[in-house]
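S.K.: Chains as they are written, first to last, in this note's numbering: chain A, 1 to 408; chain H, 1 to 408.
Some hints could be false.
Said to hold, decoys possible - Cut-off 20 Å, straight-line C-alpha distance, at most; resulting in silico cross-link-like pairs (DMTMM-like, lysine to aspartate or glutamate):
id, chain 1, residue 1, chain 2, residue 2
1, A, Lys358, A, Glu95
2, A, Lys234, A, Glu279
3, A, Lys337, H, Asp393
4, H, Lys284, A, Glu253
5, H, Lys285, H, Asp393
6, H, Lys278, H, Glu175
7, H, Lys119, H, Asp148
8, A, Lys284, H, Glu253
9, H, Lys285, A, Glu253
10, H, Lys340, A, Asp393
11, A, Lys280, A, Asp352
12, A, Lys340, H, Asp393
13, H, Lys358, H, Glu335
14, A, Lys285, H, Glu253
15, H, Lys337, A, Asp393
16, A, Lys119, A, Asp148
Claimed, not checked - Incomplete in silico selection of chain A near chain H, CB under 10 Å:
id, residue
17, Tyr100
18, Ala199
19, Gly248
Simulated from the structure, these hints should not be mistaken for lab results.
Since we're looking at a predicted model, the values are computed, not measured.
No residue lacks a Cβ here, since even glycine has one placed at the ideal position from N, Cα and C.
The chain contents come next:
Protein chains: 2
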Amino acid sequence: MEILQGACLVAQSGGPTAVINASLQGAVEKALSSSAITRVFGGRYGIQGILEGNLCDFDKENPRELALLSQTPAAALGSCRYRLEKEEDFRHILEIFQRYDIRYFFYNGGNDSMDTCNKISQYLSEQNYPCRVIGIPKTIDNDLVGTDHCPGYPSAAKYVATVCSEMYQELQVYETESVLVVEIMGRNAGWLAGSSALAKQIGCGPDLIYLPEAPFSMEQFLADIRRVHGKSGKCLAVVSEGIRDIHGRLIVESADGLDSFGHTQLGGLAQRLANAVKEKLGIKKVRGIEPSLLQRCAGHCVSERDVEEAFLAGEAAVEAALRGETNKMVGFSCERKAGKYRCSTILIPLSDVANAEKPVPREWINAEGNGVTSEFMDYAAPLIHGEPPQICDCGLPRYAHLRYIPVE
Amino acid sequence: MEILQGACLVAQSGGPTAVINASLQGAVEKALSSSAITRVFGGRYGIQGILEGNLCDFDKENPRELALLSQTPAAALGSCRYRLEKEEDFRHILEIFQRYDIRYFFYNGGNDSMDTCNKISQYLSEQNYPCRVIGIPKTIDNDLVGTDHCPGYPSAAKYVATVCSEMYQELQVYETESVLVVEIMGRNAGWLAGSSALAKQIGCGPDLIYLPEAPFSMEQFLADIRRVHGKSGKCLAVVSEGIRDIHGRLIVESADGLDSFGHTQLGGLAQRLANAVKEKLGIKKVRGIEPSLLQRCAGHCVSERDVEEAFLAGEAAVEAALRGETNKMVGFSCERKAGKYRCSTILIPLSDVANAEKPVPREWINAEGNGVTSEFMDYAAPLIHGEPPQICDCGLPRYAHLRYIPVE
Chain A
1 MEILQGACLV AQSGGPTAVI NASLQGAVEK ALSSSAITRV FGGRYGIQGI
51 LEGNLCDFDK ENPRELALLS QTPAAALGSC RYRLEKEEDF RHILEIFQRY
101 DIRYFFYNGG NDSMDTCNKI SQYLSEQNYP CRVIGIPKTI DNDLVGTDHC
151 PGYPSAAKYV ATVCSEMYQE LQVYETESVL VVEIMGRNAG WLAGSSALAK
201 QIGCGPDLIY LPEAPFSMEQ FLADIRRVHG KSGKCLAVVS EGIRDIHGRL
251 IVESADGLDS FGHTQLGGLA QRLANAVKEK LGIKKVRGIE PSLLQRCAGH
301 CVSERDVEEA FLAGEAAVEA ALRGETNKMV GFSCERKAGK YRCSTILIPL
351 SDVANAEKPV PREWINAEGN GVTSEFMDYA APLIHGEPPQ ICDCGLPRYA
401 HLRYIPVE
Chain H
1 MEILQGACLV AQSGGPTAVI NASLQGAVEK ALSSSAITRV FGGRYGIQGI
51 LEGNLCDFDK ENPRELALLS QTPAAALGSC RYRLEKEEDF RHILEIFQRY
101 DIRYFFYNGG NDSMDTCNKI SQYLSEQNYP CRVIGIPKTI DNDLVGTDHC
151 PGYPSAAKYV ATVCSEMYQE LQVYETESVL VVEIMGRNAG WLAGSSALAK
201 QIGCGPDLIY LPEAPFSMEQ FLADIRRVHG KSGKCLAVVS EGIRDIHGRL
251 IVESADGLDS FGHTQLGGLA QRLANAVKEK LGIKKVRGIE PSLLQRCAGH
301 CVSERDVEEA FLAGEAAVEA ALRGETNKMV GFSCERKAGK YRCSTILIPL
351 SDVANAEKPV PREWINAEGN GVTSEFMDYA APLIHGEPPQ ICDCGLPRYA
401 HLRYIPVE
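Make a model of the complete structure from these sequences and hints.
M.R.: Have a look at this one:
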């Protein structure tokens, strides 16, 4: 194996998660301990910040603060949503890589970020600039192909299932009839909304779950609510923000079935569906709940397995690059057998992952399109296991304080 | 001391909290261990359920499930919002108390519930029916008079501070400018919204906080946001749902300053303020976040001190009644000195507590009305300490499963 000497650059991209910084910690600690890697840089604000030369020096960070990254939500390096297309951007990246002798590049993100990663890898290769490029997966949407699941999803799933179990408890408080509609993130894939069903394991799951993968009908939704509510006087319904009608139009953007309210600007999907239930079914106590951004950075409610796997993915990326791999994304291969769960890292060509999306299989959603099957449960259940110990300060989680010393 | 032999009845009332069931556990376990108390009953759905004879038998519950009450959010017995006024209701309560030989009544709730408790106590006394009545405080609003603070508030405060610290982390992710407006519960008192400031202890607090106790002006709010946002490109603002204008009108109900949007039905306060910021200040990325019901039953993010004190309050109520006390509410007297915190239970006449409200002192809010002072911080900070160990099942919190065996 040829030893490639040089600096490495790690950066984060796309939406934050509760464990993306655990991957950062895994990658940085592994890189710091490697003799081939001469310096360890962080790119601030993703590829956009890198283009502005906004790099920081991980050699100058306090190891104790680095160790806190795995319990720090959001994205410690900062992130971006930037589509790399212009030729001059690529030239500029090459210049920066040359200036700092960057020979290892690790980019942590979702499908768009893997596309960026793929393009950079190809460009550097065409320019005969030796650099090993490895993607590290991350998304609460869980929609990356080629991997069993994505770091970030298990913790978001645990948070969603926990919150739904609490909403279930809340629903039981009063004798009066009531309905809650909870809106869960996931524009194109229903993995996260589906995970609310995990609360059924403790007897506190939602009655109805609607995913983007099954066409949504307002009439059916109201009939479902009427039926469940008619039995128990209560109904807990979970909807993915990405639910669509039979023509593929987002419900949140269409006025179908919501016409009589006429407000297209204000109020999220949950609130609008809650209003529809109130108005069309005449149920008085109906509430829409939108956990919104809390879903993607709830560091106080993470899956220990997710934290460990996210860390492992960061480490595996550096190890793969040191072995000579490039143009790949780290993924997971998992076994679920007789209550046992095993996860190991694999490598997937970036070109397979870039811009592709993995929806929830239609057969993992029930025939009525208002719940998930046992296959979904078997898939998702092991992912949310474990509660990591958390270092707290004044009763609040202690986050990593990085110094972000700019690279000269 | 005269020993009063007879059954006891425990019930819950008002809005749920994350620790109201810890008080239930404290009261029930203490009552079960008493020789004077012959039977231990729970009243389902507060005084409303009691009026329907809906009682359950705690002697028949599994002690292992009872032990899980302190990590079970919401209200295990069920609750109600029922104003006791009719003479026949009082007569009916006396009949039920006589039928089951109830000589001890413990009612766990907020100010309305203490009013109920007080009225029942007086009526039974007028009817020469010996029964000791003790109130147990509970409210995330923290607005009961006579007590340092109320069980339920510390955990809700910890949850709010934690969520705000996560929203702060979220705000730092992108280089682009952005504003978050977070709406916190508290119709008349700003204790809970104020607790968001506790996140400043870990460097992740909100920039601006608006409480109902200081008049809210839309112009000032927009000017505050413009100023903070102008400096850093970011702004995290917390508003209490109960903010009012100079005339005492709720902002969420008034159209002042929000007129141009014209929607009075849809969208909570946070969303409407976010829209105002977007429209009036021309900032593109503005989001309203409403944690809604999650604030009052986030069992996954409680203060250990709160759980312990809530349990203690339940125990103290039973102990006081056994000592011969009646017509009182359990309260807390606390010392905060040189970083040390000590809390002990006291008794307060129910008539002092019933229907009274304790707002945040105006001098604990800064002169500008957009933040809290160090006095507020010193008061609230010790309350959120400690993270209790949690028994989990499948990666989710395990809640108590009571059998609710009806009393014959």
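S.K.: If a hint holds in the structure, say so; if it does not, say that too.
M.R.: Taking the hints in turn, this is what the structure says about them:
no., hint, result
1, A:Lys358 <-> A:Glu95, "violated (35 Å)"
2, A:Lys234 <-> A:Glu279, "holds (17 Å)"
3, A:Lys337 <-> H:Asp393, "holds (19 Å)"
4, H:Lys284 <-> A:Glu253, "holds (19 Å)"
5, H:Lys285 <-> H:Asp393, "violated (39 Å)"
6, H:Lys278 <-> H:Glu175, "holds (18 Å)"
7, H:Lys119 <-> H:Asp148, "violated (24 Å)"
8, A:Lys284 <-> H:Glu253, "holds (19 Å)"
9, H:Lys285 <-> A:Glu253, "holds (19 Å)"
10, H:Lys340 <-> A:Asp393, "holds (15 Å)"
11, A:Lys280 <-> A:Asp352, "violated (46 Å)"
12, A:Lys340 <-> H:Asp393, "holds (15 Å)"
13, H:Lys358 <-> H:Glu335, "holds (19 Å)"
14, A:Lys285 <-> H:Glu253, "holds (19 Å)"
15, H:Lys337 <-> A:Asp393, "holds (19 Å)"
16, A:Lys119 <-> A:Asp148, "violated (24 Å)"
17, Tyr100, "violated (20 Å)"
18, Ala199, "holds (6 Å)"
19, Gly248, "violated (25 Å)"
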